[in-house]
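Engineer: Required output: the full structure, derived from the provided sequences and hints.
Protein chains in written order, with our numbering: chain A, 1 to 512; chain R, 1 to 431.
It should be emphasised that the hints constitute simulated quantities derived from the structure, not laboratory data. Keep in mind that this is a model prediction, so the values were computed, not measured. Even glycine gets a Cβ: it sits at the ideal position worked out from N, Cα and C. Worth double-checking, as some hints may not be accurate.
Simulated DEER-style distance windows between Cβ atoms [unchecked claim]:
1) A/M8 with R/V14: 47 to 57 Å
2) A/N71 with R/V154: 50 to 60 Å
3) A/L145 with R/Y41: 51 to 61 Å
4) A/G365 with R/K88: 27 to 37 Å
Below, in silico cross-link-like pairs of lysine-lysine (DSS-like), each with a Cα-Cα straight-line distance of 30 Å or less [stated by the list, open to error]:
5) A/K426 with A/K462
6) R/K189 with R/K204
7) A/K313 with R/K101
8) R/K207 with R/K11
9) A/K337 with R/K88
10) R/K88 with A/K307
11) R/K101 with A/K307
12) R/K88 with A/K462
13) R/K11 with A/K3
14) R/K189 with A/K263
15) R/K101 with A/K337
16) A/K313 with A/K233
17) R/K235 with R/K310
18) R/K235 with A/K263
19) R/K200 with R/K11
20) R/K189 with A/K313
Each chain, written out:
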Amino acid sequence: MRKVYFVMGLCSLVVGGLVMFGGMSEKPRSIKVGYGQPWKSIHPGLQHTAVADFVLSNQFEALVGYDQNNNIVPLGAKSWRVNDDMTVYTFKIDTDRKFSDGSSLTSHDYKRSWEEALSLDPKSANSSLADVLHMLEGADRFHNLGYISGIETPDSSTLILRFKETYRTALDYLHGNRLAAYKKVGDRYIGTGAYSLRELGTDNLVAQKNPYSNLSSKGSELEMIVIDPTTLKKSIESGIIDIYAFEAGSRVAQENLTGPNTKVLVGQDAINEALYLNSLPGRLFSDKRLRKALLYLIHQAPSGANKLVRNPKYFSSDPQALLPLQAGRLSDQEANKLVQDGERYVPILIEESKKKPLIVYVGKGETWVLDHLENFGLVIDRNLSKEADPSERISNYYKEHRSDILLAGYSISGADPDSVYHVMGKHGAITSPMIQSRVIAEILEDGRQIVDSNRVNTQYEKFSRAFLEEVPLVHLGFSKAITVYNSKRVGIDSAVIRRNNGHLYPFYSKSP
Amino acid sequence: MITINQWFRSKAIVPLVLLTTTVIIAWISLLLRQYYDLRKYQTDQVQQHANLMQIPVTRKDRVILETLVGSVFLNTNSRSVAICHNNKSLISLGWRSGFCKNSVDSVFQRVLSSNIGGLEGYRLVASTPIFPNGSFWLALVMGGILVGASLIIVYRLQSSIRECILVPLNGEQTFEVIQIKEVDDLLRKQELAKQAEVHKATFKVAKQVAHDIRSPLSCLDAISKRSDGLNFEEKDLINRSITRISEIAEDLLLRDRPQKSIPPTLNNEMVLNRNIPISEPVHIPIVISEILSESLESKRVECSTLENIKFSKMIEPEAMDTLLALDPNGLKRVLSNLFNNAVESIKPNCRGLISASLSKENENLILEIRDTGAGISPSDLKKIIEKGISIGKANGNGLGITSAQSFMKGLNGKFDIYSKEGFGTTVRLTF
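Structural biologist: Written as structure tokens, this is what we have:
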């Protein structure tokens, strides 16, 4: 009997030791992360794509962040006060946070970072920081003075932001990585995030653990590369990448998401899929009637906009720009009625397209979109239309404006209806002259100053109606963001349920 | 009379099974309780959050609604959570699609659904895995190990009893049929065999002594015959002593030789009621009073130099001619030892009396040897009787009393000893 007890005790010790110390035996290997688009720049002030935002979120930290419940939580700022009319935000900076070179974070870092970023030549139509900073006192004199008077740093731990008018959603926007604090050390930009990024080449980054970061991670380092989304399944199963981080679920074919060790993390609705219409003068869609006609064709056809996405499983077709149960959302009946109104203009659209065939930019492998549009009777210029890579589409959208229709998406930045400001507001970070509407822009400017929640709904209902009247873009619907990973090679520590969560620190390497 | 199996069941199995059953019941109860508490907690969480959601839904405050949905997702360990309206998902979180239409429990998941207070058609739905995580599985595994270990212990206990006790004792006897009495008999036989080994070893030594003693005895015999300085009585005593020692030695040497059986020709009325096993040797009946007288006389002569000790004898007329078929040498040895004990109990500076008596009570012959020596304390007396330990004698080995006891037991007689410190000791042999 003693032998049995001895053996059992020995086995327990061995098993216990393996469980406790097995994970500590070897340094974990780096995790390979793939993205479907290039991030272009890892400078926070030049971030203008969703992918860049998620890559940057691993290195840079803004004043505030979001927790698992989508509540705003301290990040670079450990606390804040807001005055009654929401024009003055006073932040206490967490000076215990450190950059990856060991230096402490201060309020001056934020002021310097933002003013520097505003000086850069933006990749998008507006500066990435414009939709927040333009609201500050003295912002309109920045180009003359070189600083913004509405940003005050009385000491190294205090940051005061004075806005010209009430800014209800300031905190929502201040979580964006483009508003993070950064420092230049040599030729690199460093932050206070969990990782420190280092470029190895074009579209190839290494992220090493920031030894001074508060965020713990079992992984040793990350290697980030850009892959062709059509090779996703092969890349995951063969080990070229361990994680395919943040993609619109509607854009990934279902067969690419199935595999013996392939797992998919699904978050909330995070991306608006849309057909951006070029309403610049002289273009076909400068006529509002024709934009309404296209809206009708897309959403009144059988299956609605589902035909225009690869994977309807993670997509819900919806003509409205605001999410269900979001303030300002119209009833389905009213929305349908507004969409129906475009039916009378369909023959005109078809006739005009015959005169001036449409130039359509879609993504690689998305030619079925052209077929679908042609099925409506529209004439497509197949020579000038193209399967454009992400860079081409971005450049076209912000600068060149060659297409009549551009198939693309924009992220949902928050649950407040003001989240549409960054794409349709006058100073929106990712707006474009192609889609700017004066009517809509005015509604959005007024809307972000309202603090009474009852009035918010009324104001944004105006937006919703204007959106379906003006049709700056045909909103196809909402897509859930997904992260795909190989469960044999990586594990995940916590439930990743936030909307736009590009953070990779919850992942850890399983195999040596 | 019970079997080993019954004995094991009543003494060992039942308590062990009760213990194991108690452990199992406690373990299952704990798991069920944990499971029930978890499920109740999950259901309560969904209900509470559904109650909170009414205002945000009516005001279309998606900011708060998303926070509440996230809270349900985390607090209930759900796979999916959604706000559904007429089977259409308005807000959803998690990996399952088409969730609002599927409200049926399945093997792998349980659907918790609660109406959002006061709103027609609005529901909060959460899909939770059937088997909870964390401590439930830990309790399951640990409890399983405990139960498994208990069963192994019970099984091993049974095997040990069979291997270590039953098989060595009874060889081919099976676990179920052996009786407790048989085990007792077997254990007694084992004990007797062990004692026999000890006696055999002791007897071997005694035989050796007896063998070796014969040479010096022969020498003494020869010298005593030639000795002219001794009177008749002294010569007679020497001869008797030499004869006695020779008889003792001869007796030891002959002990393990097969006895010649003498057919019984005696008068049954003259033989006292005894049970003599057929396998034991049959002795010629002897007159007990003569043996007693001879032994006493021999001891008196031997102690003639001890002036403080007197000897006396009393033989009742009825017992004078009583015959007993027993080993005369054995009786002489016993009497010699008892007289020696009596002599040695009287201190040199004290006066003492040693008396022997023979009488009849009912059909029994009673032989008593009394002394007025130091006496024996009750505790010492107990040791002498039970363990044969010698008290107060420098070279004693306690065999005198023990051999007397054995001798009387072999005759189905009785051996009794009474003593009082300061007054003396009485040894009573009942034939």
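Engineer: Each hint needs a verdict: does it hold in this structure or not?
Structural biologist: Quick rundown of the hints versus the structure:
Against the hinted window of 47 to 57 Å, the Cβ-Cβ separation of A/M8 and R/V14 comes to about 25 Å, which falls outside the hint. For the pair A/N71 and R/V154, the supplied restraint of 50 to 60 Å holds, since their beta-carbon distance comes to about 56 Å. Between A/L145 and R/Y41 the beta carbons are some 58 Å apart, a value that agrees with the proposed interval 51 to 61 Å. Evaluation of the 27 to 37 Å hint for A/G365 and R/K88 yields a pass: the beta carbon distance comes to about 30 Å.
Distance check on the hinted pair: A/K426 and A/K462 sit about 17 Å apart at the alpha-carbon level, within 30 Å; holds. Our distance criterion of 30 Å between C-alpha atoms is met by R/K189 and R/K204, whose separation comes to about 22 Å. For a cut-off of 30 Å, the pair hint linking A/K313 to R/K101 stands: about 14 Å separates their Cα positions. Restraint check: the Cα-Cα separation between R/K207 and R/K11 comes to about 49 Å, which exceeds 30 Å; the hinted pair is violated.
Straight-line distance between C-alpha atoms of A/K337 and R/K88 comes to about 20 Å, which keeps the hinted pair within the 30 Å bound. Using a Cα cut-off of 30 Å, the hinted pair R/K88 and A/K307 holds, with the two alpha carbons roughly 20 Å apart. At most 30 Å may separate the alpha-carbon atoms for a hinted pair to count; R/K101 and A/K307 meet this at roughly 22 Å. The hinted pair formed by R/K88 and A/K462 meets the criterion: a straight-line CA distance of about 25 Å does not exceed 30 Å.
Distance restraint check for R/K11 and A/K3: the Cα-Cα separation of roughly 25 Å lies within the 30 Å cut-off, and the hinted pair is therefore satisfied. Between R/K189 and A/K263, the direct Cα distance comes to roughly 75 Å. Violation of the 30 Å bound is thereby established for this hinted pair. Between R/K101 and A/K337, the direct Cα distance comes to roughly 26 Å. Compliance with the 30 Å bound is thereby established for this hinted pair. Under the criterion of a C-alpha separation no larger than 30 Å, the hint pairing A/K313 with A/K233 is consistent with the structure, at around 17 Å.
Using a Cα cut-off of 30 Å, the hinted pair R/K235 and R/K310 holds, with the two alpha carbons roughly 22 Å apart. Between R/K235 and A/K263 the CA atoms are separated by roughly 120 Å; this puts the pair beyond 30 Å, and the hint is violated. Proximity of R/K200 to R/K11 is assessed by CA-CA distance (about 39 Å); at most 30 Å being required, the pair is judged violated. Distance check on the hinted pair: R/K189 and A/K313 sit about 86 Å apart at the alpha-carbon level, beyond 30 Å; violated.
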